[in-house]
Structure formats: C-alpha cells, structure tokens
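Chains as they are written, first to last, in my numbering: chain A, 1 to 208; chain B, 209 to 416; chain C, 417 to 685; chain D, 686 to 954.
Hints are computed from structural coordinates only; laboratory data are not their basis.
Any given hint might turn out to be false.
[Stated by the list, open to error] As a list, the in silico DSS-like pairs of lysine-lysine whose alpha-carbon atoms are at most 25 Å apart:
no.	chain 1	residue 1	chain 2	residue 2
1	D	K791	D	K751
2	C	K667	D	K871
3	D	K751	D	K814
4	C	K604	D	K871
5	C	K667	D	K814
6	C	K545	C	K522
7	D	K870	C	K601
8	C	K605	D	K874
[To be verified] Simulated coverage check for chain D against chain C, where a stretch passes if three residues somewhere in it have a Cβ under 8 Å from a Cβ of chain C:
no.	region
9	707-719
10	869-882
11	888-895
12	917-929
13	940-951
[Unchecked claim] With beta-carbon atoms standing in for the labels, derived distance ranges:
no.	chain 1	residue 1	chain 2	residue 2	range
14	D	N805	C	E555	41 to 51 Å
15	B	L379	C	K472	44 to 54 Å
16	D	G726	B	E414	42 to 52 Å
17	B	K212	D	K949	49 to 59 Å
18	C	Q436	B	K394	38 to 48 Å
19	D	K949	B	D260	12 to 22 Å
20	D	R839	B	K212	50 to 60 Å
21	B	Q227	D	E844	30 to 40 Å
22	A	E11	C	Q452	45 to 55 Å
C-beta: ideal position from N, C-alpha, C; glycine also.
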Amino acid sequence: MYQKISLAVQEGEIEEVDQLTIKSLEKGNDPLDVLNNALMSGIEIVGQKFADGELFIPEVMMCAQALQAGIDRLNPFLKQDENPHRAKIVIGTVANDVHDLGKNLVKMMLTANGYEVIDMGVNVSAEEFAGAVRGHNPDVVGMSALITTTMLEMSKTIEYIKTQGLHNGSLKILVGGAPVTEKFAKEIGADLYADDAIEAARILREIL
Amino acid sequence: MYQKISLAVQEGEIEEVDQLTIKSLEKGNDPLDVLNNALMSGIEIVGQKFADGELFIPEVMMCAQALQAGIDRLNPFLKQDENPHRAKIVIGTVANDVHDLGKNLVKMMLTANGYEVIDMGVNVSAEEFAGAVRGHNPDVVGMSALITTTMLEMSKTIEYIKTQGLHNGSLKILVGGAPVTEKFAKEIGADLYADDAIEAARILREIL
Amino acid sequence: MCRVLIIGELINGSRTVVKQAVVEHDETVIRDLAVQQVEAGADYIDVNISVGQGDKEAEDMVWAIKLIEEVTTVPLAVDSANLQVMEAGLRARKNTVLVNSVSAEKHRMEPFLDLCAEYNAAAAALPIKDSGIPPAPEERLEICQLLAEKARDRNIPVENMYFDPLVLPLGVDTYNSYAAIETIKKLKKTIPGVKTTAGISNVSYGLPGRKLLNQVFLVLCMQAGLDGAILDPTDQGLMAAVKTTEVLLNKDKMCMNYLQAYRKGLLNN
Amino acid sequence: MCRVLIIGELINGSRTVVKQAVVEHDETVIRDLAVQQVEAGADYIDVNISVGQGDKEAEDMVWAIKLIEEVTTVPLAVDSANLQVMEAGLRARKNTVLVNSVSAEKHRMEPFLDLCAEYNAAAAALPIKDSGIPPAPEERLEICQLLAEKARDRNIPVENMYFDPLVLPLGVDTYNSYAAIETIKKLKKTIPGVKTTAGISNVSYGLPGRKLLNQVFLVLCMQAGLDGAILDPTDQGLMAAVKTTEVLLNKDKMCMNYLQAYRKGLLNN
Numbered sequence: 001m002y003q004k005i006s007l008a009v010q011e012g013e014i015e016e017v018d019q020l021t022i023k024s025l026e027k028g029n030d031p032l033d034v035l036n037n038a039l040m041s042g043i044e045i046v047g048q049k050f051a052d053g054e055l056f057i058p059e060v061m062m063c064a065q066a067l068q069a070g071i072d073r074l075n076p077f078l079k080q081d082e083n084p085h086r087a088k089i090v091i092g093t094v095a096n097d098v099h100d101l102g103k104n105l106v107k108m109m110l111t112a113n114g115y116e117v118i119d120m121g122v123n124v125s126a127e128e129f130a131g132a133v134r135g136h137n138p139d140v141v142g143m144s145a146l147i148t149t150t151m152l153e154m155s156k157t158i159e160y161i162k163t164q165g166l167h168n169g170s171l172k173i174l175v176g177g178a179p180v181t182e183k184f185a186k187e188i189g190a191d192l193y194a195d196d197a198i199e200a201a202r203i204l205r206e207i208l
Numbered sequence: 209m210y211q212k213i214s215l216a217v218q219e220g221e222i223e224e225v226d227q228l229t230i231k232s233l234e235k236g237n238d239p240l241d242v243l244n245n246a247l248m249s250g251i252e253i254v255g256q257k258f259a260d261g262e263l264f265i266p267e268v269m270m271c272a273q274a275l276q277a278g279i280d281r282l283n284p285f286l287k288q289d290e291n292p293h294r295a296k297i298v299i300g301t302v303a304n305d306v307h308d309l310g311k312n313l314v315k316m317m318l319t320a321n322g323y324e325v326i327d328m329g330v331n332v333s334a335e336e337f338a339g340a341v342r343g344h345n346p347d348v349v350g351m352s353a354l355i356t357t358t359m360l361e362m363s364k365t366i367e368y369i370k371t372q373g374l375h376n377g378s379l380k381i382l383v384g385g386a387p388v389t390e391k392f393a394k395e396i397g398a399d400l401y402a403d404d405a406i407e408a409a410r411i412l413r414e415i416l
Numbered sequence: 417m418c419r420v421l422i423i424g425e426l427i428n429g430s431r432t433v434v435k436q437a438v439v440e441h442d443e444t445v446i447r448d449l450a451v452q453q454v455e456a457g458a459d460y461i462d463v464n465i466s467v468g469q470g471d472k473e474a475e476d477m478v479w480a481i482k483l484i485e486e487v488t489t490v491p492l493a494v495d496s497a498n499l500q501v502m503e504a505g506l507r508a509r510k511n512t513v514l515v516n517s518v519s520a521e522k523h524r525m526e527p528f529l530d531l532c533a534e535y536n537a538a539a540a541a542l543p544i545k546d547s548g549i550p551p552a553p554e555e556r557l558e559i560c561q562l563l564a565e566k567a568r569d570r571n572i573p574v575e576n577m578y579f580d581p582l583v584l585p586l587g588v589d590t591y592n593s594y595a596a597i598e599t600i601k602k603l604k605k606t607i608p609g610v611k612t613t614a615g616i617s618n619v620s621y622g623l624p625g626r627k628l629l630n631q632v633f634l635v636l637c638m639q640a641g642l643d644g645a646i647l648d649p650t651d652q653g654l655m656a657a658v659k660t661t662e663v664l665l666n667k668d669k670m671c672m673n674y675l676q677a678y679r680k681g682l683l684n685n
Numbered sequence: 686m687c688r689v690l691i692i693g694e695l696i697n698g699s700r701t702v703v704k705q706a707v708v709e710h711d712e713t714v715i716r717d718l719a720v721q722q723v724e725a726g727a728d729y730i731d732v733n734i735s736v737g738q739g740d741k742e743a744e745d746m747v748w749a750i751k752l753i754e755e756v757t758t759v760p761l762a763v764d765s766a767n768l769q770v771m772e773a774g775l776r777a778r779k780n781t782v783l784v785n786s787v788s789a790e791k792h793r794m795e796p797f798l799d800l801c802a803e804y805n806a807a808a809a810a811l812p813i814k815d816s817g818i819p820p821a822p823e824e825r826l827e828i829c830q831l832l833a834e835k836a837r838d839r840n841i842p843v844e845n846m847y848f849d850p851l852v853l854p855l856g857v858d859t860y861n862s863y864a865a866i867e868t869i870k871k872l873k874k875t876i877p878g879v880k881t882t883a884g885i886s887n888v889s890y891g892l893p894g895r896k897l898l899n900q901v902f903l904v905l906c907m908q909a910g911l912d913g914a915i916l917d918p919t920d921q922g923l924m925a926a927v928k929t930t931e932v933l934l935n936k937d938k939m940c941m942n943y944l945q946a947y948r949k950g951l952l953n954n
C-alpha cells in the first residue's frame, strides 16, 4: 500500500494519492507512518529525479500537488509536533525586484517536501518581510533577488529584521538568486545560502 | 564584354543585362553574336547549374528575366530566321486538370532558353489547343497533366489536333507531367516526351 | 484534444515504391506503410493508388483499402479525382472515412459532395475552379464558401468539411505560402465551426532546406488555425514541430504530450 | 527590410564567462563576443555587466562599451536596472543605442524614460508594475499603453519604443507562452506603429528540447508581429528559423536571403 502511494506521488496522480491515503487510514495505518513511508518517500524520489534531470518542472509540480492532496488528508490526524515536515517558511522576492521564477521554484520544491510555505510574492519590502515573520512565526524566512541592484535590498531587509529583534534562535534566514553567492550571503549576515531550489530543499531537510 | 553579359545573366541582374546589351550594340557588335556568345552562353550555364542543384527556381526565374531583357533589346536588330532560338511554343495543362507547376517550370526553362512561349494556362480543352496551334503557328505544342485521370484528355487532345489536320511536318507535339511515361507518350501519338522541365529544354534545343 | 489531425501521405501512387507495389500487387509494402504511419501517430491514412492504370484503378483502390484495414482501424482518406474510384473506395472500406478531395470544378463538385452525403464521409475541400486556383485568399475563401453552402444543402455537417487553402511552392512565388496562411485565417474567421487542412510539403518544392521550410510552415499554419495536416508522419522533425507548437499554444496542459514525446526520443529533429 | 531585429544577448554578467571577464577586466573576451555576434548577424549588441560589483558597475559598463565600440559600429543595447549605470553607458557610447529596459515600476519608469529622451535612445519597455507581472495579456497591454503615453509626453517617437510582452517559462505554466504571443498581437493591433521585442530563451526554462522550443516560439512570435528578438545569434537553429519564417511570410522576395543563408551553410540547424 505504501509503495502504491509512493508511486502515485511519483506519477503526480492527485486523485489516486487522495483515495489511497483515505484507504490507508481506514485500514488503521498510523498517519505519521503514512506520511513518512509513503508520501515523503515518494516525493524524495521525485526530488532526486528532478535533480538528475529525469523529471521536469511541470511533472514536479503535479507530484507536489499529489503530495499536498495526501498531506491534506493526513493533517487532521497529525499533531503539530508529530509532523517533522510541517515547518513554516516565509518566502518572497526583495524590494524593487519582480522576478519570481526562482522564488516559485523554491516554493514548489519546499511544498513538494511537505513544508508549509507562505509566499509573499515579489517586490517585498523589508517592513513586509518583518511583518510576515512577526505574524506567521516561521522557522525560516527566505528571500530571493535576481538583479544585482536588488541584492542590496537583501542586505537592508536582513538588517531590518535583526533591528526589529526578530532574528532570535529559532528563525533562520535563507538567501538565494542568480547573482547571490555564498560569500555575499555571509557578508550580509544570512544564516543559509542555497544555489538553487533543490539545494534549498536539501538544506532545509538537514536543519528542520 | 560578352563574358560580362554572360555573368550578368547568370546572376539574374536584369538591369545590368539590359545596359550591357545596349552598350554592346553601340560598340558595333553583331546582334546574333551577342545573342549566342553572351546571352545564350550565360543561360546555358544557368540551365546546367539548375540541373546540378546549384541554382534554385527563384534564381533561374530571375536569370530568365535577365535573359529576356537582353533579347528584348536585340530583337529589333535580328531577322526572324537569324535567331535560332526564336522558335514558338504553345503550352498548357489539359482539360479537367488545373495543376500548373510543372507547366510553369517548363515555361520558365524554355523562356530561359530564349524561346517564345505562349501559355494557354490550365484546364485547356482540345478545341482550345487546336485554336492556339491554328492562330500562333508554333513549332511545338506542349501539354501537361498531373493526375492520372486527365492523362486521357491528353490522348483526346492529340487526336483532335490530328483530325483537324494541324499535325503537319513542322509541328511537334510534346507531352509531360508526373504520371506520364515515355511509353504512354508513344501510345497516344506524341512526337516528344520529357521527364522534367530541364529535359524539355534539352530536347527542344536538339530539334529546333 | 485540440491537437492537429495528421493525415499520413505515404501511400501515394506518385511515389515509386507505392507505384511498383500497386502494379505488382505487393501486399506487404502497402500493409507496412499503413502500420508505420499509424505507429508514427497518423490519425488518417491517405490512400492514393493512381499509377496510370486507368480502368484498373477502382479495383486497385479496393485492394489497397482491404489490406490497410487488415492492420489498422485508423480512419482512411480515399484519395482520387475519379468518381468511380472514389465510390468503389467508399463502398469497400469499413473504417471511418474522408473523401480526398472535393473541389468546385464543374465535373467534381456536385457528384463528390453527393458521395460524401451518401456515405456519411468527411471531406477535404479545395478552392479550385474550372479556371484554376485563384491566387488571392479572398477568392479562395469565396470558393470555399460556395463549397460549404453546397455541403449544407446536402446536410453534411460543417465539422466534416476540411477546407484546404491550397499550398503552392514558395520557390515559384514567395506570395504562395503567405496566401495559404492568410486563407486559413480567413476561413477560420468567416465560416463558423469550419475545419481546415493543408498539404505541407508542397511549399518547399524546388528549394534547398525543405525539411526546415516544411516544419516552419506547419508551425505558421497551426497558429493560423490549421486543424489537420497532410504530411509524412514518419518525418520526426515535422511531428516534433507539431508537439512543440501545441505546447507553446497552450494546447498541451502541464506539457504532458510534449514530455512524453521527449521520453520517446521524438523531439530530435 | 522587414526582417526581425536581432539583439545579441551573449554579453551578460549572468553568464560565467562574462562574469569572469568583467571581474578580471579581460578585454579579449568582451571584444570577441561582440565580433562573434556581429558576424552571426546581430543588429544590436546587448551589454549587461551586472556581476554584483555594486559601485563599480557604472565603470564596468563604460569599460565594456568602449571595448565593443573598438570592434564594431553595430548599435548597442545598454542593459541595466540601475539608473546611474544606464546613464554612464548612454554617455560613454558613440554607436546608436537602445535602453534595456524601461518598466512601469515607480522607481524606474519616469527616470529611465527621461534618459531615453535626453539621449535620443530607443527603449525596450516591459509591462512590469510594482506588484509584479500581470498574467493576462490585457493587463500587460494596459501597462504598455501607459508606458507609450509617458514616452509620447517626452516626444519619444513611437517607433523607438520596443515593447516586450514578457516571456515566462512554459514549464511553470503552459499559459505563459500563449500569453506572450497574445500580448504581441494585442500590442500590434492596439498601438499604431508600435514595435515589439521579446527575449526568446526564457520560454523553455526547465524543459528538455530547449532549442526546438525556442525555435518554434520565435516562429510563433514572428507571425504574431515580433519586430525584434533578444537571443543568441550564434545559435544557428534560431537564426535559420528567422530566415525561414521571413521567406514563408513573404518578407524575402525571390527567396534571396534564404538562399544566401543556405549557401553560407546557415540552414543546418
């Protein structure tokens, strides 16, 4: 049964994942077990295949949707702290930058990993990022920039979050985007840097 | 000078052929000599290059136009019987057939060889062919058919021309078209058969 | 599915291999060509057995159709300008069928449309008059409108009529491809619910780089509103162009057909 | 000539080879990229030197432009989102110039259009608002109309404004390519005399068969009315698609450009 669910996730069969998850619960399986050994094991293979160039964006999007369908079924039966993948992540593209492709790919990969992603969109000011951190209390805040001129906005935003006292022990700041380098990330005081969407998901799996 | 004219014909430079032909006549060159050793030698190379796949239809069309420009300049100075290429040819696609590509290619190649071509168009009835032969007194009447069902019209047309007494010593009947074979041409009493437009030009050069 | 209908053109008496097969009644060649085209994705198999055998053509048509129907249930396009051959084909076939083709020539229009009505067949309809093919898209449209009207008179549903803009070679006149594309646009705009089809490869006759010309022309026709195309379905470049155009025109949700074609190795043109 | 304007995209700081050349001030790389693109048929050379060097960007832009103008008089597209960098580029260059790019974002619209007017520069104009890129072609058109109005206010001739429909990746949403094509159509229909341009390769991001997708997308955009394209002019497949589309749309009389490209061996994609 778990194998079937995993395969349905890998094939992006939304309806099938939904139905199989219901059946699995009816049979008395442990919801956390279904999450980890059926749904998540399926999406991990998807992530790997995407990284290997065997699956492509539209397919991963469908797999992520299928995963989401399963998780939605499980959620009422899972306690918050029982779900290791229910970390909350706020993401957005920084001020004066409207490029959302990279940010959306990260969102897709994180959703496909079962995280709850709050997408602030593009052209997000330092104040808006801080507001979201205050309101949603996420585990991670991720910011993206595509053009070199807006990399400075990233620096400003991190500074603002810190001056607002929001960068406490539990909050990690993740940055990324085509012109952003690991060196730059360190210089501006980010906790985490990811080269691409897959890397972002991998890093978060490690720390969450 | 002749070399220049020949090259201008090969390059399809209409204006240049026109001007060079005028200059050549002004310098006292013999019109027939200009025709044979400048214009025609140019177009012969064009025909050969087309046959060899080095030149393509649009280019041959421009060369044919360039040739025509030169011939138009020479014509007032040439006696009818002095111009070995001034043979007259009536062509058309037979009744119930509207395919004109092959017929037009033959027209192009024959014009490019300096012949006077009277184009009857498509769907030409036996009566119309006979009328054109009577009116224009051509050296050759050429007919084309693309579909197998209209090959029979070819046969009818030849019969009609013969019964009208128009197929005398000086008139040659040429047939061609995708489904027409040499065997079929003989069966229906045609004098000449050509496999394609280049072949048609070659055959007519031989007999005219 | 919004995808363009592929009419496989390989069984045509003008091709040497088919001509020989028809003359020698070589069954394997015909069957193989049908199977190859179906496997390559043909939605219709065109059957043209005209090889200049005159009286035998009706018989040859029946022979070929029976062979093809042994190996596939894909619909057939019976391709002949001869009324007797067409009727023999329509009577013999079991699969769904399309009459290829009707025109507005006097000897062809009414009798061929009568056959379409009688046998409940779809039709490819060409804007040809007795005086030939008018160059202007407006005039071609007018002829199509006449054909559509005559079809309506016979209760042939409009979606059964595939109007062909007529594709003449670009090399003879660069206006020719443009005229075909414009005719497709005008047809789609003017006749509600109309379908269109076109023979693709004629456009590149006499020019180098034919494969590329055919591909790009097909893309342009599809954007203009082409519903069906007569082509060689084993030409991977053309079929790849079809899939690629469909996904780019938002007719392939989540790129599923496109990615499937990629995995089958069909996008290497 | 009706042909589509080619803006060569290879000198872009997001490419590793260019990034390194800018950081190390490697003159040969920049000059060679300019020459290669001109030889491949580029009508404009895009110059983007953004490599994250912040304050040094204006200086880098001037450096790159001077190098490029040593080897070609082909017009330049100064490519930066930073006002100071843009102005430095416009002041430094001698060749004809295009501002790449203006948008309707508050911090960008008025100052960039002012520069275009001051330096008599053409502009690529993007339908981006502070809230991002609207998906619907209608909304993109509205933003372009606003930009066109602001350009008119500054007496920038309409034919100097190249509106970009914004090409987002097909793989993320198949609507994206369709939206770009529809935006081009709407622009051509609505704003008299308007010119359009588009970055081609973005459409295929994240999908296999990118070359084919890019080619077919370019063909579709050209038929919709594209006047300019930002692309890699050394990509023979794309350039072959341009020539082939032009001849098929009757913009290459007697096939002369097409046949010339064939003889140069440029049609083997």
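Hint check against the structure, violated hint numbers in rising order
Those not satisfied are hints 1, 3, 5, 9, 10, 15, 17, 18 and 22.
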